[in-house]
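Spelled out from the first residue to the last, the chains are:
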Amino acid sequence: MDRETVSKVARVARLKLTDEEIEQYAADLEDIISAFSVLDEAPATDEYDLGPVKVEDVLREDVVSRDSDPAELREGMKTKNDWVRGPRLS
Amino acid sequence: MKIGLEIHVQLPTKSKLFCSCSTSGSTPNSSVCPICLGLPGSRPFLNRQALEMGVLIAKFLNCKISDKVWFARKTYFYPDLPKNFQITQYDSPLGVDGHFMIGDKNVGIWRAHIEEDPGRIKRVGRSGEEVALVDYNRSGIPLVEIVTAPDLSSPAEARDFLTDLIIELRHLIDVTGAEQTMRVDANISVGEERVEIKNITGLRNVEKGLKSEANRQTKMLAAGKRIVRETRHFDEERGVTMPGREKEFEEDYGYIGEPDLGTYRIGALAASMTVPETPLVRAARLSEELGIGAQAARQIVLTDWALADLFEVLAAKVGAEAAMSWTMGPLSSSWKDLKEKVPELREDIVGIVTAVTSGKMTDSEGRMRISALSSGQEAAAAPAEDVGDLDALIVQLVDEHPEVVRDYKGNERAANFLIGQVMKATKGKYSSKVVAERMKKELGKKV
Amino acid sequence: MTTFPTVDGLRALDEKHLIFCERLEDPLAFEQGQFHFSAKDNLCARDFQARAGSRVLKGYRPPFDATPIRRLKEIGGLLIGKTNMDEFGFGTFSTNSGFGIPRNPFDPERSCGGSSGGAAAAAALIPEHLALGVSTGGSISCPASFCGVVGLTPTYGRVSRWGLIDYGNSLDKVGLLTRTARDLERYLPVISGPDPKDPTSQAQPVLSMKGEVTSVAVPTEALADLSPEVTAAFGEALKELERNGVKVMEVTIPSLRYAIPAYYILATSEASTNLARYCGMRFGVMNQEFDQGFNDFFAQTRSEDFGPEAKRRILLGTFSRMVGFRNRYYIKALQVRQLIIREYNKVFEDCDAVLTPTMPFIAPRFDEIARMKPLEMYQADFLTVPPNLAGMPHVSLPCGYSGGMPIGMQAVGPQWAEGSLVSFARSWEESFHFRFPEVRA
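Protein chains in written order, with this note's numbering: chain G, 568 to 657; chain E, 182 to 628; chain D, 568 to 1008.
None of these hints come from the bench; they were simulated from the model. By construction, the Cβ of each residue, glycine as well, lies at the ideal position given by its N, Cα and C atoms. Treat the hints with care, as some may be off.
Using C-beta positions, here's what the derived DEER-type ranges look like [to be verified]:
(1) D624/G / K400/E: 49 to 55 Å
(2) K814/D / D586/G: 56 to 62 Å
(3) S604/G / G971/D: 18 to 24 Å
(4) R938/D / R633/G: 51 to 57 Å
(5) D624/G / P821/D: 32 to 38 Å
(6) T455/E / R633/G: 31 to 37 Å
(7) V773/D / G284/E: 54 to 60 Å
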């Protein structure tokens, strides 16, 4: 978990870190990842799920319905003529 | 040249993929809710209809259908993506290893899966400094993504592939406007190295983009230059592919499963589905079974489904060749008017064609009668004197055939004999409907 | 006959203990049949902001109520406020809150525990109060233990998560903190049950409040690395249980050693995707200039308004699922969870509950916490993480006091067996007297 890796991960996660932060987090994460390498010893298995409880075939019928008011939702955002404002694309 | 396509088509469901918002919002951000806006505390709920459509498409594409599927989060940052991750299927597509025929050629389908659409961005401001305005009505609309093998060998072939695919999909799931709204990422290599053209909207732009990129690569290779593996986008205005923005860094999508949705057992669902016969499959069958040319079969099927139905009925009665010439000729040209009447007039049409092919009626008379049938309404509105002639004839015939009057008392169909006589005598001048009406009226007076 | 807090009383508590991120300011007027409850600040309610302890959500007013809150309101609950917590649930001591650090009801120099620190303090300090908490890796048990209250974490999927601001989707559970197990009995059925808005809540069998705990298993792994006070108190509690007719046996659950790594990898992998949406657009803090590139725009808000622990977990989680690391960490952790579930299920063939101390020490002082490194803090969760990772229901109950500070024990049941844990809690509180801080609210 060197500084270069931390910098790369921070970029992917859109976090702007100071040099001190990079240093600090690199040390913390190095600690943590080494301790976590005990996982390598655990047996692997093909039988696993995304959660601890089986959730299967939960489906919703294709019916239009409305619980919220879009106008109220728009009011909570920064808009211009009902379009949501965003930053520059380049 | 090798071309592979990643095709995104919107599924025509009423509500979105993971929420109950309508898929047809008009004014910006009018069809949105906490789920498709990604508000904290919201979570997705899968639309059954969208899943079933996706499975049907995968099965239609001859894919091996997975027994169990789930969803994944593809994380990247962009203003049109409310959660800054897209819920898609990464390691569990609906189906893999399928194929799709265009003409004689077999194009491999690597996979098909479903995912949610992001919102729609409008760029405003000075060129090069544009800011985003976003409409999230589109956010959460279900998409099917179909990924082909790089088996296509020219931009024209890619265009044919997409055209045919849309014809078939339209019959399967009733997508309208797919030519304009579908979005394609294309991979094309003239030489060894491939270039990706991302996010081309609409069939025409796909062909233009591929042609322009093929040209670019060919020229570069001819000049001895190396093609760089890169991502480009198609500039509609300039009609050429442009380099992608100089990226500061590569996205790492960091796929994880979507625990909020759980798993879906689609194996049984897929096994129980029958894929209906789609237009091009039908055309291929007609061509093979009846020995008609592939182009002709295609034309019949693509003119109209019901016309093809009629063609098959005729072919059974009078053989493929005659059925072909009648279908492609008089029936096709009158089809606009004839189409709605076909259910009631089918027997008449078949009768006319049969009569002509067996020599009982002349070709031109047959054509006239078909024409009369199709414009039947106008005949009914013919001037009174015409009908007078008709009525005179009807009265005469009824007088001459008292046995019909007798039979008519118990059975309406006894009138058919006289109706036929009138049609013969008047040589298709009147529609059988009008003749039948007036005949029955006259007979009714007598009983 | 419920006693109700007064606004002045709540204000006094807040000044001393920083329990609430936001609460009712108007005089509290209660009607016949009403009761008062609070919700951890990561549960959405229209009446208040929902900031989940994070500055990045400053100003966010949800346009809907979380399902557990709605259900309590429907039977006469009055939501009096949102309780303080570690940012997004990231923490064991509530020291990572963006809005002040809550202080232990028994000793304000000590931590409430976390991440539902404010909820536990509210339950301890306000008589007849129901506090909704949320647990991902132990965030109900830990503060319950440090604050001397009862904390129930239901089976994963028992209570709808609609309206819960996510930390880890396969790990988060809404639960209850109260002074008495009677309240668990009363309110668990209300907040439980399938909710169309949360598909993971549809897998549950009907909640049964029946069941008994007649035998408990103590894993040897849980008896190592404990402070002397906790060892002593827990030992006494086991003797008391035996006197009450509960059979106590020792077991070993070897895969428990993998629980902390598997948990933190899964939780942070999921959290790093859940937190991607906080980017200065659409909700929460929206104070950046639009006239800059989107990467800078997003990074600016995230860097300014996430606390250090949030950043650390985002980095860890992003790393764990990146190309080249994903199989070794994220996928492996999923597999290990299954292994731990299987081992627990094996143990449950021979006993009704697994019993351990809740935390390895009493509530630490803030200066002690300041000296802890992140890895140390993560490892302090070794008793609460396993049932949380496995989605098993568990209850933390006061079982001793040392220097006036509470010590908790934690009973873990098989999935869906909340009923027997509640009856275990009820019979325990009949034989062991719970102490509460003397305070007028």
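#### Entry: Structure-inconsistent hints, enumerated in ascending order
Hint 3 alone not satisfied by this model.
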